[in-house]
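S.K.: One-letter residues, chain by chain:
2 protein chains.
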Amino acid sequence: MQQPSSSGESGTLPRVGILGGGQLGRMLLQAAANYPVETFVMENDSECPAAHLCHHFTKGDITDFQAVYNFGKGLDAITIEIEHVNLEALEKLEAEGVRIYPKPPVLKTIKNKILQKQYYQQHQIPASGFIITNNRAELEKQEGFLPAVHKIGEGGYDGRGVQLLKKKDDLALGFDAPAVLEKMIPIDKEIAQMIAINEKGETALYPPVEMLFNPDLNLLDYQLCPAELSTQTLYVVEAIALTVVRNFKSPGIFAVEMFIDKKGNVLVNETAPRVHNSGHHTIEAHYSSQFDMLWRIMLGYPLGNTDAILPSIMVNIIGAPGHTGEVKYEGLEETLKIENAFVHLYGKKHTKPGRKMGHVTIISKEKQELLHQSNKVKRTLLPRT
Amino acid sequence: MQQPSSSGESGTLPRVGILGGGQLGRMLLQAAANYPVETFVMENDSECPAAHLCHHFTKGDITDFQAVYNFGKGLDAITIEIEHVNLEALEKLEAEGVRIYPKPPVLKTIKNKILQKQYYQQHQIPASGFIITNNRAELEKQEGFLPAVHKIGEGGYDGRGVQLLKKKDDLALGFDAPAVLEKMIPIDKEIAQMIAINEKGETALYPPVEMLFNPDLNLLDYQLCPAELSTQTLYVVEAIALTVVRNFKSPGIFAVEMFIDKKGNVLVNETAPRVHNSGHHTIEAHYSSQFDMLWRIMLGYPLGNTDAILPSIMVNIIGAPGHTGEVKYEGLEETLKIENAFVHLYGKKHTKPGRKMGHVTIISKEKQELLHQSNKVKRTLLPRT
Numbered sequence: 001m002q003q004p005s006s007s008g009e010s011g012t013l014p015r016v017g018i019l020g021g022g023q024l025g026r027m028l029l030q031a032a033a034n035y036p037v038e039t040f041v042m043e044n045d046s047e048c049p050a051a052h053l054c055h056h057f058t059k060g061d062i063t064d065f066q067a068v069y070n071f072g073k074g075l076d077a078i079t080i081e082i083e084h085v086n087l088e089a090l091e092k093l094e095a096e097g098v099r100i101y102p103k104p105p106v107l108k109t110i111k112n113k114i115l116q117k118q119y120y121q122q123h124q125i126p127a128s129g130f131i132i133t134n135n136r137a138e139l140e141k142q143e144g145f146l147p148a149v150h151k152i153g154e155g156g157y158d159g160r161g162v163q164l165l166k167k168k169d170d171l172a173l174g175f176d177a178p179a180v181l182e183k184m185i186p187i188d189k190e191i192a193q194m195i196a197i198n199e200k201g202e203t204a205l206y207p208p209v210e211m212l213f214n215p216d217l218n219l220l221d222y223q224l225c226p227a228e229l230s231t232q233t234l235y236v237v238e239a240i241a242l243t244v245v246r247n248f249k250s251p252g253i254f255a256v257e258m259f260i261d262k263k264g265n266v267l268v269n270e271t272a273p274r275v276h277n278s279g280h281h282t283i284e285a286h287y288s289s290q291f292d293m294l295w296r297i298m299l300g301y302p303l304g305n306t307d308a309i310l311p312s313i314m315v316n317i318i319g320a321p322g323h324t325g326e327v328k329y330e331g332l333e334e335t336l337k338i339e340n341a342f343v344h345l346y347g348k349k350h351t352k353p354g355r356k357m358g359h360v361t362i363i364s365k366e367k368q369e370l371l372h373q374s375n376k377v378k379r380t381l382l383p384r385t
Numbered sequence: 386m387q388q389p390s391s392s393g394e395s396g397t398l399p400r401v402g403i404l405g406g407g408q409l410g411r412m413l414l415q416a417a418a419n420y421p422v423e424t425f426v427m428e429n430d431s432e433c434p435a436a437h438l439c440h441h442f443t444k445g446d447i448t449d450f451q452a453v454y455n456f457g458k459g460l461d462a463i464t465i466e467i468e469h470v471n472l473e474a475l476e477k478l479e480a481e482g483v484r485i486y487p488k489p490p491v492l493k494t495i496k497n498k499i500l501q502k503q504y505y506q507q508h509q510i511p512a513s514g515f516i517i518t519n520n521r522a523e524l525e526k527q528e529g530f531l532p533a534v535h536k537i538g539e540g541g542y543d544g545r546g547v548q549l550l551k552k553k554d555d556l557a558l559g560f561d562a563p564a565v566l567e568k569m570i571p572i573d574k575e576i577a578q579m580i581a582i583n584e585k586g587e588t589a590l591y592p593p594v595e596m597l598f599n600p601d602l603n604l605l606d607y608q609l610c611p612a613e614l615s616t617q618t619l620y621v622v623e624a625i626a627l628t629v630v631r632n633f634k635s636p637g638i639f640a641v642e643m644f645i646d647k648k649g650n651v652l653v654n655e656t657a658p659r660v661h662n663s664g665h666h667t668i669e670a671h672y673s674s675q676f677d678m679l680w681r682i683m684l685g686y687p688l689g690n691t692d693a694i695l696p697s698i699m700v701n702i703i704g705a706p707g708h709t710g711e712v713k714y715e716g717l718e719e720t721l722k723i724e725n726a727f728v729h730l731y732g733k734k735h736t737k738p739g740r741k742m743g744h745v746t747i748i749s750k751e752k753q754e755l756l757h758q759s760n761k762v763k764r765t766l767l768p769r770t
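From first to last, the protein sequence lines are chains A and B.
Just so you know, my numbering puts 221 at position 221 of the first sequence, and the rest follows in order with no gaps.
Numbering-wise, my numbering comes out as the position in the second sequence, counting from 1, plus 385.
Pulled out of the complex, with its shape left as it was, chain A reads as follows (with noise of 0.2 Å):
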């Protein structure tokens, strides 16, 4: 394994790309320019947020393999801001020298939900329960299986590939193809885990967050950190956390998402092996940032401080239902008033129900002040046509 070489020790700026160019691509290349690295972008559209804030644009297909490819030789290292990306395309270039964050059998294992629920199963990490269905046929006979939430294996994103199913007449709105079956369970809480780790295997972890979710579109509507957990659910969390990505055998960064049961039990959702929205307020809420601590991983610096300068919430700020078409922000003037809040708008020129326009962080050493501004931004920050 070739290790990072730290720009202290070369004169030349090590060579870093970004497969996908959305708004976690803009923020990391924010976090970029504090450091002197030579940053590379492809994304299929040139106006995409990432797109002018980075030295190379590649107008390009990141599932394409000659696409990655091509894009890929002669960087010192890649990371991915979506899991939907060539595999086969990385794997040539990590054989070939270049180091992929995270590595490609991770990616391999996360993009498939079959494969992530196998994953968790052969590692002891606690999940709920779950039958795999190859097709709907399979899928008819689990009626004695529900609840449950089927989850296509391979495309899935943001809401879209999970389907809740309550009773028989749901099961027609199962996937027709290769899924997951997941035992639904009585959900306390839903809180994620970011952990950093770095080439020599040292890791990182951040307060675990607190979730909540929009119920119709699936999306984040906003998370508090830190979580208010028990010490020992505290311990808990955090030695699942350590268990995922260690198992893993890579080096990056991971938000591992997980549900906390009504009897107390901490049980794995889902990982991503990437910068996530579940992370966006470390930008002004803690030392490192997400941002930060994936650069230094990849630049072969010391991990970041993970610890809170202040307690936080995170916003989404999330187009708006019946709006499609270019974006006007309402409420943005009411927004930018208020005094401990910090307003990330990622620069998209249009807006459609459900798209996640921007998010706004509030920090304060008070609960209520946090949940009192953060309703306020929910309901005056408003990306409409």
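Any given hint could turn out to be false.
[What the hints assert, rightly or not] Here are the simulated DSBU-like cross-link-like pairs (lysine-lysine), alpha carbons at most 35 Å apart as the crow flies:
#1 Lys59(A) to Lys734(B)
#2 Lys713(B) to Lys103(A)
#3 Lys378(A) to Lys750(B)
#4 Lys458(B) to Lys59(A)
[As the list claims (entries may be wrong)] One side only, chain A facing chain B, incomplete, derived with CB under 8 Å:
#5 Asn135
#6 Ala137
#7 Gly322
#8 Leu336
#9 Asn340
[Unchecked claim] Below, a sample of chain A positions facing chain B; criterion: calculated Cβ distance under 8 Å:
#10 Ala33
#11 Pro36
#12 Cys54
#13 Asn305
#14 Gly347
Read the hints as simulated data drawn from the structure, not as lab findings.
All C-beta atoms, glycine included, are put in the ideal place defined by N, C-alpha and C.
For chain A, the structure is supplied; the task is to place chain B on it using the hints.
M.R.: For chain B alone, coordinates are given in the frame of chain A:
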């Protein structure tokens, strides 16, 4: 006076240009990526720190009329990261409807140290006594005014164009060009007050910072925020800064550098009508950074919150003496291990003695901790070849 139209009001992105592509432009562009704005940079060096972070980079001479005019027409607004830009082009662009931050008359006053001193005099703003010397012959007659500081009228920057004249023999070191000879005053403290003013004339004052200079290079070594001042002195400092910027009748952000003499008198030294070295700590230590604040002003948003999240010290990382060439950062790894330090390296490929290569901000509520860590950074992180 045309008002900026917030992007909340229109579907197309406001187009904003920056003259100069150094570290100030770089940090402005990092902050710009939180807002919907299309960015433009002009600078002679296409590998400058800001070149890759804007939507549209133009290689060109910011002191050339035609280059600046061509760059600026069609933009909604322009700001600067250095005063030495072509003023006539900005005047023409302003007449044609481009908003300029700061307005050209302010630049005209500030870029000439003689006009700047006269401005303070005219508005009864306390500053050290001065004599205008148009050439060395005039200077030679001023032995009685020594000890004094001779500052060239136009063209000085970062310590160039400033000469300390203690005794008669030193007069030969003075400038044979229009200049001001400023009475040397016994300085107790050197401080800087960042202040923002928007189109409506609303102002926002950051806490003043206290500075220590490198006596050899006249470059800022490190600065403490907030400055340790009596309440009475603080009020005087704020009142002076308000007088300086209100009389300019221009929106923008300003750094008003002041001396406090041994008797506690506050005297203005110089004003920078732009984002400034003495505001770098605001990126992490304050709610709205100086860079965020300028975007708010240019985009017609409300002024940001200038409060400190925590006290801070900022250390400039300056090219080590005797090292000219491709840079290596000695001590970078050790610096990155400091848990409350934020490292900013500007991505300059070459170092030379005295060149600003980066800065590090430390935050802590304990002053001893700030001093301890900043001294450690200053000893540890060395740009060498």
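S.K.: Next, verify each hint and record whether it holds.
M.R.: The hints, checked one at a time:
1. Under the criterion of a C-alpha separation no larger than 35 Å, the hint pairing lysine 59(A) with lysine 734(B) is consistent with the structure, at around 27 Å.
2. About 29 Å separates the Cα atoms of lysine 713(B) and lysine 103(A), which keeps this hinted pair within 35 Å; it holds.
3. Straight-line distance between C-alpha atoms of lysine 378(A) and lysine 750(B) comes to about 32 Å, which keeps the hinted pair within the 35 Å bound.
4. At roughly 29 Å between alpha-carbon atoms, lysine 458(B) and lysine 59(A) fall within 35 Å of each other, so this suggested pair holds.
5. Violation of the interface hint for asparagine 135(A) is found here, the shortest Cβ-Cβ separation to chain B being roughly 45 Å, above the 8 Å cut-off.
6. A least Cβ separation of about 49 Å between alanine 137(A) and chain B goes past the 8 Å threshold, and the interface hint is therefore violated.
7. Taken as an interface hint, glycine 322(A) does not check out: its beta carbon lies about 17 Å from the nearest beta carbon of chain B, beyond 8 Å.
8. With its C-beta approaching chain B no nearer than about 5 Å, leucine 336(A) sits inside the 8 Å limit, and its interface hint holds.
9. Taken as an interface hint, asparagine 340(A) checks out: its beta carbon lies about 6 Å from the nearest beta carbon of chain B, inside 8 Å.
10. The closest approach between the C-beta of alanine 33(A) and any C-beta of chain B is roughly 5 Å, which is under the 8 Å cut-off, so the hint is satisfied.
11. Proximity of proline 36(A) to chain B holds as hinted, the smallest CB-CB distance being about 5 Å (cut-off 8 Å).
12. Below 8 Å, beta-carbon pairs count as interface contacts, and cysteine 54(A) has one with chain B at about 7 Å; its hint therefore holds.
13. Annotation: asparagine 305(A) was flagged as interfacial toward chain B, and the flag holds, the nearest CB pair being 4 Å apart, inside 8 Å.
14. With 8 Å as the threshold, the beta carbon of glycine 347(A) comes within range of chain B, its nearest partner Cβ sitting at about 5 Å, so the hint holds.
Checked against the numbered hints above, the structure breaks hints 5, 6 and 7 and satisfies the rest.
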